[in-house]
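S.K.: Listed here are the chains, written in short residue letters.
There are 2 protein chains.
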Amino acid sequence: MRPITNTGATSLHSDSVSKDETKDLAAFSCPVPLPAGERILLGHGSGGKLSADLLKNVFLPALGNPVLNRLEDQAIVSLNGVRLAITTDSFVVKPLIFRGGDVGSLAVHGTINDLAMGGAEPLWLSAAFILEEGLPIETLRRVVGSMHEAAANAGVEIVTGDTKVVEKGSADGIFVNTTGIGLVREGISLSAAQARPGDAILVSGMLGDHGIAILAEREGLQFETAVQSDSAPLHTLVASLLEATREVRCLRDPTRGGLSSTLNEIAASSGVGMELEETSIPVREEVRDACEMLGLDPLYVANEGKLVAIVAPASAEAALRALQNHPLGKDARIIGRVTSEHPRMVVMRTPFGTTRIVDMLTGDQLPRIC
Amino acid sequence: MRPITNTGATSLHSDSVSKDETKDLAAFSCPVPLPAGERILLGHGSGGKLSADLLKNVFLPALGNPVLNRLEDQAIVSLNGVRLAITTDSFVVKPLIFRGGDVGSLAVHGTINDLAMGGAEPLWLSAAFILEEGLPIETLRRVVGSMHEAAANAGVEIVTGDTKVVEKGSADGIFVNTTGIGLVREGISLSAAQARPGDAILVSGMLGDHGIAILAEREGLQFETAVQSDSAPLHTLVASLLEATREVRCLRDPTRGGLSSTLNEIAASSGVGMELEETSIPVREEVRDACEMLGLDPLYVANEGKLVAIVAPASAEAALRALQNHPLGKDARIIGRVTSEHPRMVVMRTPFGTTRIVDMLTGDQLPRIC
Numbered sequence: 000m001r002p003i004t005n006t007g008a009t010s011l012h013s014d015s016v017s018k019d020e021t022k023d024l025a026a027f028s029c030p031v032p033l034p035a036g037e038r039i040l041l042g043h044g045s046g047g048k049l050s051a052d053l054l055k056n057v058f059l060p061a062l063g064n065p066v067l068n069r070l071e072d073q074a075i076v077s078l079n080g081v082r083l084a085i086t087t088d089s090f091v092v093k094p095l096i097f098r099g100g101d102v103g104s105l106a107v108h109g110t111i112n113d114l115a116m117g118g119a120e121p122l123w124l125s126a127a128f129i130l131e132e133g134l135p136i137e138t139l140r141r142v143v144g145s146m147h148e149a150a151a152n153a154g155v156e157i158v159t160g161d162t163k164v165v166e167k168g169s170a171d172g173i174f175v176n177t178t179g180i181g182l183v184r185e186g187i188s189l190s191a192a193q194a195r196p197g198d199a200i201l202v203s204g205m206l207g208d209h210g211i212a213i214l215a216e217r218e219g220l221q222f223e224t225a226v227q228s229d230s231a232p233l234h235t236l237v238a239s240l241l242e243a244t245r246e247v248r249c250l251r252d253p254t255r256g257g258l259s260s261t262l263n264e265i266a267a268s269s270g271v272g273m274e275l276e277e278t279s280i281p282v283r284e285e286v287r288d289a290c291e292m293l294g295l296d297p298l299y300v301a302n303e304g305k306l307v308a309i310v311a312p313a314s315a316e317a318a319l320r321a322l323q324n325h326p327l328g329k330d331a332r333i334i335g336r337v338t339s340e341h342p343r344m345v346v347m348r349t350p351f352g353t354t355r356i357v358d359m360l361t362g363d364q365l366p367r368i369c
Numbered sequence: 000m001r002p003i004t005n006t007g008a009t010s011l012h013s014d015s016v017s018k019d020e021t022k023d024l025a026a027f028s029c030p031v032p033l034p035a036g037e038r039i040l041l042g043h044g045s046g047g048k049l050s051a052d053l054l055k056n057v058f059l060p061a062l063g064n065p066v067l068n069r070l071e072d073q074a075i076v077s078l079n080g081v082r083l084a085i086t087t088d089s090f091v092v093k094p095l096i097f098r099g100g101d102v103g104s105l106a107v108h109g110t111i112n113d114l115a116m117g118g119a120e121p122l123w124l125s126a127a128f129i130l131e132e133g134l135p136i137e138t139l140r141r142v143v144g145s146m147h148e149a150a151a152n153a154g155v156e157i158v159t160g161d162t163k164v165v166e167k168g169s170a171d172g173i174f175v176n177t178t179g180i181g182l183v184r185e186g187i188s189l190s191a192a193q194a195r196p197g198d199a200i201l202v203s204g205m206l207g208d209h210g211i212a213i214l215a216e217r218e219g220l221q222f223e224t225a226v227q228s229d230s231a232p233l234h235t236l237v238a239s240l241l242e243a244t245r246e247v248r249c250l251r252d253p254t255r256g257g258l259s260s261t262l263n264e265i266a267a268s269s270g271v272g273m274e275l276e277e278t279s280i281p282v283r284e285e286v287r288d289a290c291e292m293l294g295l296d297p298l299y300v301a302n303e304g305k306l307v308a309i310v311a312p313a314s315a316e317a318a319l320r321a322l323q324n325h326p327l328g329k330d331a332r333i334i335g336r337v338t339s340e341h342p343r344m345v346v347m348r349t350p351f352g353t354t355r356i357v358d359m360l361t362g363d364q365l366p367r368i369c
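Residue numbers (numbering that gives the first Met the number 0), protein chains in the order written: chain P, 0 to 369; chain R, 0 to 369.
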């Protein structure tokens, strides 16, 4: 395992922060990003600050176009008046099999969720495999079987695929890419650029389960109660939510980089600030203990079956109830609100009455988490 | 480089072959497939016999559904009366940069071609990267730049993407996955199951360029005239062909496994035999020489800018002219015909008047060719 990087926790009083001070303070007190140099670092795949740098400095200058530049979890395109959502993800999780799933079910859930976060009904998936020479065929069979099961349970079809094999030592077991296509019904428009001051910030349940389950597996850790990955398909939860209220501004699943990176992305896209209440953020006792033991912050740990919803204030309670009435949202909470103060900055009020900045993930806390 | 595997060349007179004899003879004289055992071999990624075994024994039993079971290069799905083609491919070519392209342009062309072989107009691509820690960012920049160029030149948009990073030694530089979505216009229906006795077999140009270009790069070989990859997007060539005649039964691009594997797949899907004329098969002099030197058979070498067309006999000449009038098809030839004899078997008449079986690729001639 790589050293745990600084997660960027810094304390300050939000009351004393004006816009200009925020900027200076952030520049002064945030941890210095790892020097990117001229080579790819593990942190470039973290979903945090270095990932954002790579996007800004390499991908967007070359590939940028109006659809891609939205930087949502899915592209929305139109054909003959039909809106389609398209999303792609490669899964390089290590180990391949873990408590609560494996790389196959994770790939299916992850791709369904990226479609669902755009309000799309997932329809079709592609599945592409890069296999390492020497992989036991039994492992592949298990992964493919669990992809099928996950897809069938979610009502989506795997319609096309590809397999490549590379020499032993040129990959690591199985890498899976899943690309998903979904249908976006009329009237649905979700975007990280739509958060407005006053909006409520909701999460659909306990945070950090996936990351801790993977880490436990990888490091052979034992907890009193075994934590298992929350990997799950969220499209029916989203459907329930959108049925309850159309005043949802934005949905995101806090995967790599955790809640902190997700909220920072939304804050940046919308040019707003955010205020969280630490005591409202649902984290399982075992996950909290594991994080403490390992020096991790649950806000930076990946989830694979949770969503963040930004909802207009008048609909926040209705949204909360809709989430809580669904099995995958029973532990949903309102965890904070969007503010016009300290734009592009997420702060959290601690139980001690102080406020700390919740910055994007810097470096890579847990490589190959998904 | 791995040892060159037996390419399965066997001589026999087609005149003396009855259906039953063919079967016995094939069983007797074809090379024994590599024992698949219980582990993944490089040959499972060859596009040849072991790839077909993996599909049959692992992927289809778990994932099989009517769309996937067609086993075409692309899935065709319908939404509100609109037919979409979906295809996915990972590219693990080594080296990343070669004469005539790089992994980026190859990925874009390969995916466009898989759509085009279904008669689809390519519209959107996703691009997912698995990067190895330590990769020079300059290499990534070059690959991403050439993806953009290839996509822009072909008139398709890269609309969504993903990046993962794995530890040094857990991948090899850059693996690219591209998934493509295209529109299939009304009245178009191409399938490897549609070849009928009497149909003409056409190829759009010189065979083997891509494979030999990669091999030359990898092995540091020098030829008098440098062979460069034929990597190219074939959708406009297909459009010209389909404009000239709607009697095209099937299109395939002979990539991994080469012409031989492609024709064997079509023969198997349609339950027909095929007869090729060796002297009609266009192969560049330098490629022929290189193959001779290296003990390769050009019929098994990968192409990335060529197509095979199966066309009804009455339209064969019109199809040939349409191909030849396009810059990417100027060396097109009719290379043989479909027959009701020796079903599921491809045979080739040599310049010496003998006939040899052209079997699927066994093992892996050239790992990581695409």
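There could be a bad hint or two in this list.
Identical copies go unnamed one by one, so any copy, or any two together, can satisfy a pair.
With a Cα cut of at most 27 Å, we get these calculated BS3-like pairs of lysine-lysine [as the list claims (entries may be wrong)]:
#, residue 1, residue 2
1, K167, K329
2, K167, K55
3, K329, K55
4, K167, K93
If you're looking for bench data, these hints aren't it; they were derived computationally from the structure.
S.K.: At 27 Å max between alpha carbons, let me know whether K167 reaches K329 within a copy, between copies, both or neither.
M.R.: neither (44 Å within a copy, 41 Å between copies)
S.K.: If the cutoff is 27 Å on CA atoms, where do K167 and K55 land: within, between, both or neither? Let me know, please.
M.R.: Between copies only: 24 Å across, 34 Å inside.
S.K.: Go through the copies and call it for K329 and K55: within, between, both or neither, with a Cα cutoff of 27 Å.
M.R.: For K329 and K55, neither the intra-copy (37 Å) nor the inter-copy (42 Å) Cα distance is at most 27 Å.
S.K.: Indicate which option fits the pair K167, K93 if close means a Cα-Cα distance not exceeding 27 Å: within, between, both or neither.
M.R.: both (16 Å within a copy, 14 Å between copies)
In terms of the numbered hints stated before, the structure departs from hints 1 and 3, listed from lowest to highest.
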